[in-house]
Amino acid sequence: MFRVLIPLRRVIPRNGGFIGGITRIQAYSTKKDKSEEMFKIKIKQKEKEAQQKLPEWTKRDETIRKRYGEWNPTHRLSRQQIQDIRNIKDKMPHMKTIELSNHFKISPEAIRRILKSNWVPSDTEEERIRLRGEKRKEESLVHKKEMINDIELARKRLTYGKSVNMGGTNVGNSGRRTGKNLRNAFSTDGKVNFDSSNSHGYYNRKSKTKAFKRKPYVENVGDIID
1 MFRVLIPLRR VIPRNGGFIG GITRIQAYST KKDKSEEMFK IKIKQKEKEA
51 QQKLPEWTKR DETIRKRYGE WNPTHRLSRQ QIQDIRNIKD KMPHMKTIEL
101 SNHFKISPEA IRRILKSNWV PSDTEEERIR LRGEKRKEES LVHKKEMIND
151 IELARKRLTY GKSVNMGGTN VGNSGRRTGK NLRNAFSTDG KVNFDSSNSH
201 GYYNRKSKTK AFKRKPYVEN VGDIID
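Numbering (the numbering used here), first residue to last: 1 to 226.
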């Protein structure tokens with residue numbers, strides 16, 4: 001407990017001054033409330049008892065989570081990469097989990113689970129995995145072809161169209177190419193053949209720019225008004 005002296009100034013109307021002095025003493029307690037401290041102690045005891053009653057597998061998972069973090073792999077590994085991790089660990093047992101995780105760019109918990117697992121796929125499972133991989137590859141190729149066709153169709157619409165609709169406004173395409181120019185500009189594989197020497201852009205004009213003529217000086221209003 002400590003005491004605080006609070007000064008108070010009283011104003012004297014006649015003299016226009018003030019008289020200072022100690023008029024009140026207030027005491028404050030530095031000790032915490034006993035009921036609050038007892039409540040915190042009981043909470044800690046309950047948490048400790050609940051932690052001791054947990055099964056062993058929960059305690060083990062909690063310890064692993066504190067050590068390696070949450071289960072959140074950055075990306076998926078192929079089966080060949082998983083087998084490579086096991087082979088590296090067999091040949092170099094002194095290599096740590098964190099080193100493998102940094103090399104393969106996954107979490108240490110993922111490395112630990114890969115090394116702990118002893119699952120080996122059977123012949124039927126390997127065949128099913130192979131067929132699933134081929135199906136996924138075919139779907140990816142079909143998706144890429146559809147994207148290429150959509151891009152080619154959009155390019156043709158912009159090239160041959162008389163106007164382009166931009167935000168509800170039709171913009172005329174007066175400078176579109178036709179015939180031989182289109183065949184030269186676009187190859188069969190969809191790439192653009194652009195020759196800067198034959199371009200008719202503003203910066204590639206040769207000897208077609210007009211000579212710059214300096215205009216005569218004319219008085220302005222700023223020259224007259226001070």
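The hints are simulated quantities; they were obtained by calculation from the structure and are not laboratory data.
Do not take every clue at face value.
In silico DSSO-like links for lysine-lysine, alpha-carbon gap of 27 Å or less [claimed, not checked]: (1) Lys116 to Lys137; (2) Lys66 to Lys40; (3) Lys59 to Lys34; (4) Lys34 to Lys46; (5) Lys59 to Lys48; (6) Lys135 to Lys156; (7) Lys156 to Lys145; (8) Lys137 to Lys105; (9) Lys66 to Lys96; (10) Lys66 to Lys34; (11) Lys135 to Lys116; (12) Lys116 to Lys89; (13) Lys89 to Lys66; (14) Lys59 to Lys137; (15) Lys96 to Lys135; (16) Lys42 to Lys59; (17) Lys34 to Lys44; (18) Lys34 to Lys48.
Given the hinted pair Lys137 and Lys105, is their Cα-Cα distance within 27 Å?
24 Å, holds
Proposed proximity, Lys48 with Lys59 (alpha carbon, max 27 Å):
13 Å, holds
Just to be careful, I want the Cα atoms of Lys34 and Lys48 compared with a cutoff of 27 Å; is the pair within it?
Holds, at about 21 Å.
Taking 27 Å as the top limit, are the C-alpha atoms of Lys89 and Lys66 close enough?
Within the cut-off at roughly 24 Å; holds.
Given pair status - Lys34, Lys66, alpha carbons within 27 Å:
34 Å, violated
Between Lys34 and Lys44, is the straight-line Cα distance small enough, at 27 Å or below?
16 Å, holds
Checking one constraint from the list: CA of Lys66 to CA of Lys96, max 27 Å. Satisfied?
18 Å, holds
Has the given pair, Lys59 with Lys137, been kept, meaning a C-alpha gap of at most 27 Å?
43 Å, violated
With the threshold set at 27 Å, check whether the alpha-carbon distance from Lys135 to Lys116 stays at or below it.
30 Å, violated
Holds or violated: Lys66 and Lys40, Cα atoms, limit 27 Å.
24 Å, holds
Going straight from one Cα to the other, do Lys42 and Lys59 come out at no more than 27 Å?
22 Å, holds
Against the 27 Å threshold, does the CA-CA distance of Lys116 and Lys89 hold or violate the hint?
11 Å, holds
Of the numbered hints given earlier, the model fails hints 1, 3, 6, 10, 11, 14 and 15; all others are met.
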